[in-house]
Structures are given as structure tokens and as C-alpha cells.
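**Q** Next come the chains, spelled out residue by residue.
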Amino acid sequence: MVRTLLVRGLLVGLAAGLLAAVFAFFVGEPQVDNAIAIEQAASQTAEAGHDDGAAPHSHAEDEAAPAHSHGEDELVSRPGQQAGLFLALALYGVSVGGIFGLAYAGLRGRVGPRSDRAFAAFLAGAAFVAAVLVPFLKYPANPPAVGDPETIGSRTTLYLVMVAIGLLSLGVAAACARQFPRYGPAAGTAGFLVPVIVAWALLPTVDEVPGGFPATLLWDFRVASLGTQLVLWTSIGVLYGLVTRRGAASAPMRDAVPS
Amino acid sequence: MNELAGSRPIPLSRLRPWLLAVPVSLLLAYLVTFDQGAVSQMGSYLHELMHDGRHLLGVPCH
Ligand SMILES: [Zn+2]
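Going down the list, the protein sequences come from chains A and B.
For the first sequence, the working numbering gives the first residue as 1069, with consecutive numbering after it.
For the second sequence, the working numbering gives the first residue as -16, with consecutive numbering after it.
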């Protein structure tokens, strides 16, 4: 049933989001804190001489305002944002889990491996590569203090274009694999990589890391970010396969349809 | 549950009524990753609350 598969996706997504949040809390938060310390040191230097120390909330009032405030005067405290990490990843997990469940319902038996467990892992792996790895390799995650606030609009657009190209390339891959069934995996891989590599080459590069920003911190943050997504999608693939297999095993036998 | 026991695809006609879940899910993802109060009507409160998650998910923030 589609409904069962969808609800399963939402629940598995919630669990996966919370697992990813645990990883992000222990591995990623120290990097975020370090980057915010650098950001605040930089903005205090810039603001020296002004008596109204309150940095404007750039996102709220004005897209073009220079600083994204992480100071004491902010709307949500740092501990609040660290708790918000769990909420954000739980909601994100539910969201992608729901789409995953519907994609599972629509694609199972049409592409990829036949068994539930293998297909769940296949689908989660494809989603991670297309929607996370492909954009990450062109526009990697940035910690606070990296990135020019004035270009947030164009950077967001480029990021979403890269996500879309990754997902559309999955369609190209499926079409190629179907066209050349004798070389299925090779044709699928080539059909995926060609449009992705062309897009990587053609889309503009973003290079906005401030001079003097510690390279090790940037690297550690990016590894933590990719790791968070990897935990999320690995959990979705494994957990969805497990619950679906259990569901199928406990389904009444009279429902089984010989194929 | 019968579709799960075999490898037969689920007919697309049975999928159609559930497709509304896709835009709903995308709206939720939008609230987490990009909304700055325009949709949630909570100002930038949600935006700031989700801040660390957005960075660690790899979405451009600022
Ligand atoms: Zn930020």
C-alpha cells in the first residue's frame, strides 16, 4: 500500500534525522562554535568605535545587511540553536523521508534491485549521491563567517540548480540503463556522470572564504557536514529496508501475489 | 501489503492520490532550510532556531 510506504518513510526519516542530529551535535557543533567565535571577533573589530554594539539581524530586516548576528543580543541563544539542530534535522528527516517513501512506492520493481532491503539501500544511495554529494563537490557546505552575505541569493540558486541537475541526472541514468540493458550499471553510471560533470564545469565557481580563515576548521566543518548527511541517508536506507522486510514478512500470506 | 511481498511495481494510478505529499514535504524542507519568515510568519525566529542544522546540512546560509 502506498499509504503504508509513505508513513514508513516519514517515521524512518524522523529516526534518521535524529540519528544525524546526534552525529552533528558531537562532530559538527564544535566546528560551528569555533567559526562563530571567529565571526564575532571579526565583527567586533569592524564595529569598534560604534557605541550601539547591536549587530543587525541581516536575514530578518535586510538581505544586504553586512552581518548575520550570532552575538548575545540574538533572537535565539547558542544553546537554543544547538537544541534547534535536533528540531531542524528531525523535520528535514521527515520531509525527505516522505519523499523517499513515495519514490520507493513508485520506483520499486521498475528500476534497481528487486529485494526490499537492497532497493531501499539503492534508493537512499542514489539520493545521497545526486542530491547531496553532487552539489557538495561543487558548492561545499560553509560554516558561519564564510561567504559574502551579498551573494546569498545567487549562491542559494546555484546550489539548488546543482541539486536539480543531480536528481535529473538520475533520470538520465535510468534511461541509459534501460536503453543498453546489457551494460546496465555502466550505462547508468555514464548517463549520470556526463551531465553532472558538464554542469560542474559550466556553472560558476564560488570562492568566498575570507583570507585568514583557518583551513583545518573549514575542512573539519565540511567533513562534519557531509558526515551528517551520510548518517541521515545511510540510516534511511538501512532502516527503511529493515522495517519493510519485517512488514512484508508479517503480512498475511493470502495477500501474496505470485509474479 | 501484497506489493511488498513480490517485486511487482505498484500501479501509478494508486500512487496518484498520494502525490500531494510531495509538495507538502518540500514545503517542510523549505521551512527548515530557507524560510526567513515569509511563509511561517514567525519572523526570523524559525530561521535562527534552525540555524546550525542548515549549516550542517550544507545549505547556503549567509
Ligand atoms: Zn549562519
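Treat the hints with care, since some could be wrong.
Here are a few chain B residues that face chain A, going by a calculated C-beta distance under 8 Å [unchecked claim]:
1. ARG(-9)
2. PRO6
3. HIS34
The hints are simulated quantities; they were obtained by calculation from the structure and are not laboratory data.
Just so it is clear, the structure is predicted and the values come from calculations on it, not from any experiment.
We treat Cβ as the ideally placed atom computed from N, Cα and C, and that holds for glycine.
**Q** Could you run down the list of hints and mark each one as holding or not?
**A** Verification of the hints:
1. At about 5 Å, the closest approach between the beta carbon of ARG(-9) of chain B and any beta carbon in chain A falls short of 8 Å, and the interface hint on this residue holds.
2. Because the closest C-beta pair between PRO6 of chain B and chain A is about 10 Å apart, greater than 8 Å, the hint is violated.
3. Look at HIS34 of chain B: its Cβ gets to within about 5 Å of chain A, closer than 8 Å, so that hint holds up.
The structure shown violates just one earlier hint, number 2.
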